[in-house]
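If you're matching them up, the sequences are chains V and A in order. Just so we're aligned: -9 in the numbering used here is position 8 of the first sequence, and the numbers increase by one with no gaps anywhere. Just so we're aligned: 189 in the numbering used here is position 178 of the second sequence, and the numbers increase by one with no gaps anywhere.
Honestly, the hints are just simulated from the structure, not real lab data. Where a beta carbon is used, it is the ideal one built from N, C-alpha and C, also for glycine. A portion of the hints provided could be inaccurate.
[Stated by the list, open to error] Pair ranges (Cβ atoms, derived):
| id | chain 1 | residue 1 | chain 2 | residue 2 | range |
| --- | --- | --- | --- | --- | --- |
| 1 | A | Lys338 | V | His119 | 34 to 40 Å |
| 2 | V | Asn87 | A | Gln310 | 40 to 46 Å |
| 3 | A | Asn84 | V | Glu90 | 55 to 61 Å |
| 4 | V | Gly37 | A | Leu229 | 34 to 40 Å |
| 5 | A | Glu342 | V | Asp208 | 48 to 54 Å |
| 6 | V | Asn87 | A | Pro253 | 41 to 47 Å |
| 7 | V | Gly49 | A | Asn222 | 57 to 63 Å |
| 8 | A | Asn84 | V | Asp39 | 55 to 61 Å |
| 9 | V | His269 | A | Asn84 | 52 to 58 Å |
| 10 | A | Lys136 | V | Tyr260 | 30 to 36 Å |
| 11 | V | Arg113 | A | Lys313 | 30 to 36 Å |
| 12 | A | Pro253 | V | Met207 | 38 to 44 Å |
| 13 | A | Pro253 | V | Asp159 | 20 to 26 Å |
| 14 | V | Arg113 | A | Gln305 | 37 to 43 Å |
[Unchecked claim] Here are some chain A residues pointing at chain V (derived, C-beta under 8 Å):
| id | residue |
| --- | --- |
| 15 | Thr106 |
| 16 | Asn132 |
| 17 | Gly209 |
| 18 | Gln213 |
Letter by letter, the chains look like this.
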Amino acid sequence: MNYMWHLMIYFGVYGILALSLNILVGACGLLTLAHAGYFALGAYTYAVATVAFGVDTISAIGLSVGMAAIFSLMISLPTWRLKGDYFVIASIAIQVLIYSAIYNWVESNAPLGTMDNMTNGPFGISSIPRPEMFGHQLTTMQEVTAVSLLILLLVAWMCKKLLFSPWGRVLNAMRDDELAARSIGKNVQFYKVEAIFIACVLAGFAGALYSGYVSYIDPSLATMDQSILLLSMVLVGGTGNMRGPLTGAILLLLIPEGLRMVHIPDNIAAEARIMLYGLLLIVMVHVRPKGLLGNYKLD
Amino acid sequence: MSKLNWKSIIGWGVAALVVAGIIGTNMYQDKKTVEGKFVVALNLPLSGLMSAYGVPYANGLKMGIQDEFSETNIPLDSFVVDMGDNQSKASDAVTLLQRQQLNGFDVYVSGLSDASRAVANILDKTQIPHFIVAFDRDAIVNETGRMRILPNSNLEIPAFIQFLKNKNPKKVFIISYNNKSVQTLVYQGIKPYLDEKGIDYQIEKLDTNFNDFRILALKVKEYNPDVILIQHYDFGLIKTIPTLKEQDLIQNGNTYIGLDMVELVNTNTDYSITKDIIFNTTYFNINPNQDFIQRYKKQFGKAPTYFSAYGYDTGRLIAKTWIKDGKVSKESIIGQTPYNGVSGIVKLNEIGDLESDLFSGIVDKENRIHEWKVKTE
């Protein structure tokens, strides 16, 4: 049964990530490939704070969120005036920057959390403590599942409130016709900064959750592959609403697991599953270009 | 606030039940197939770059169990190898472990380094024998089920130090792959020796996507070292060595390479690349067991690597323990060693880590590996 709890915890984490990415991709039309970087930033901040400095869970989550918020300016300020392909390229640069920093900020003999060794580089960080809430450590899978799904619900509610508010409608206007939005007096650049800020904060929060649950992290969290996986969740599920990204998160978590249960001969199983997975994604993109439950087709 | 869409909620509920039902049924069937059997669960990279290590190990392990069961006339359907591909990702490794825990297992095998670290904390609590397929020096710790039958930093470091002692260099250039196990070897093994002896050195770390091999060669030339040490996987070596040779930097046995050089030799890499290079190697490569090699080729269509040999010995050892005792524990497996395997004498120390010798090897024109000794220089 732990397997089911585990999948639900992952759904909680990846659901938050997909919803946060939906703010940028679905509402603003900003295709970013840096989201895994912010996820990793949150995860690493939580890990370093708890392992190296013994910070409590709530403060560590606060630090993760704060760090992601500050670093969100790394995207939003340089890309103040960028959109389309140029925004994508800028986001790739930032993703590479974060990944490189995490991978290389290490000196083998220096203790974790010092200026010489902030991330442990390719060694990763292990023995990250499970989250503790109100003096109670979440040790069982059921507890972690309940907390992560509750947080996902809260995030979904918050995202819905935001995206279907006047603020959200400005983002949609900006996505559909930026010039028109500016002509009615909307400061689109500021809205863009706000949207990126919120999305990165949520990604950092998801990172902290992941870190506390898995208890081991390494730089693979911040790879381009991870960013593409997150983007796939949003694009396959569909953008512009709540159910699309959540459906994408469920599907992209469950399909590989479902494929593990297809009995394929051992010697070709691994490659065959990956090919099947790719094929399924291609079919979906062709059959449903808006995503399974999306409202908006990304150009 | 918009009204609740009950149709949608019911739809989602039904979909969730269907998915849970499908997964549950599969799990139930899987559970039935493993009940009362000897189950070995594998959590290894079976696809992608690192499958070059995961697949031969998994094949060898499976063959080892088969052979042990066949020799003792126990039906082959008495064991199940639950093969899982973690694609070298820590997060996938954790998911895979959770799924495999549903059906249960007697022995767990995980790798490589990152995936093992991600699942180790969970498995440590169970005390189930957990074989770690990784080279990291500190991967095995006491009072846990962790074990290892694979060459590792603890075995490779003495080989590097011995080479340095033989060469007595003034300047050393170290080219290393930027991952945990390799950096552990360099910083915890080689660097302290160089510091202690006052030898000048320069360390160059290469990431997976590193491509400036010509510049690397020019850096080495500029530094003008007496000895070059390289610790990288075969995909890096195949690019590093020719560029160093182009600059005449590899000569007079001045270059020592880690165990992965063996991979290049096994894949019949051009002799002009492998010539004159001294490298770590295992007993299996110096004294290949032809019967094992032929049977492995017949079963899997490829020649075994030293990973296959260690996987095979691990498989035989755990099967032997299970057949003898009807169960396996870390202590009972250690109790079965020393054991004469295809990889040499398998001896596990009190914490469950391999104690064995690595040799310095050199390759001849026929692609055979010979032991290299100082006097033959």
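Hint check:
Under the hint 34 to 40 Å, the C-beta atoms of Lys338 of chain A and His119 of chain V, about 36 Å apart, fit the expected range. The hint said 40 to 46 Å for the Cβ distance between Asn87 of chain V and Gln310 of chain A, and at roughly 43 Å that hint holds. Under the hint 55 to 61 Å, the C-beta atoms of Asn84 of chain A and Glu90 of chain V, about 57 Å apart, fit the expected range. A beta carbon spacing of about 46 Å between Gly37 of chain V and Leu229 of chain A contradicts the range 34 to 40 Å that was offered as a hint.
Distance hint for Glu342 of chain A and Asp208 of chain V: a CB-CB separation of about 41 Å, inconsistent with the stated range 48 to 54 Å. Restraint check, Asn87 of chain V to Pro253 of chain A: a C-beta distance of roughly 27 Å breaks the suggested window 41 to 47 Å. A C-beta distance of roughly 37 Å is found between Gly49 of chain V and Asn222 of chain A, which places it outside the suggested range of 57 to 63 Å. Between Asn84 of chain A and Asp39 of chain V the Cβ separation comes to about 59 Å, which falls inside the hinted range of 55 to 61 Å.
Between His269 of chain V and Asn84 of chain A the C-beta distance comes to about 55 Å, which sits within the given range of 52 to 58 Å. Between Lys136 of chain A and Tyr260 of chain V the CB atoms are about 32 Å apart, so this pair conforms to the stated range of 30 to 36 Å. The hinted range of 30 to 36 Å is not satisfied by Arg113 of chain V and Lys313 of chain A, whose Cβ atoms lie roughly 43 Å apart. A hinted range of 38 to 44 Å for the beta carbons of Pro253 of chain A and Met207 of chain V is inconsistent with their spacing of about 29 Å.
The given range of 20 to 26 Å is broken by Pro253 of chain A and Asp159 of chain V, whose C-beta atoms sit roughly 55 Å from each other. In this structure the supplied range 37 to 43 Å is violated for Arg113 of chain V paired with Gln305 of chain A, their Cβ-Cβ distance being about 50 Å. Because the beta carbon of Thr106 of chain A sits about 6 Å from the nearest beta carbon in chain V, less than 8 Å, this interface hint is met. Hint on Asn132 of chain A holds. Least Cβ distance to chain V is approximately 5 Å, under the 8 Å limit.
For the restraint placing Gly209 of chain A at the interface with chain V, the shortest Cβ-Cβ distance is roughly 18 Å, beyond the 8 Å limit, so the hint is violated. A least Cβ separation of about 16 Å between Gln213 of chain A and chain V goes past the 8 Å threshold, and the interface hint is therefore violated.
In summary, the numbered hints that this structure violates are 4, 5, 6, 7, 11, 12, 13, 14, 17 and 18.
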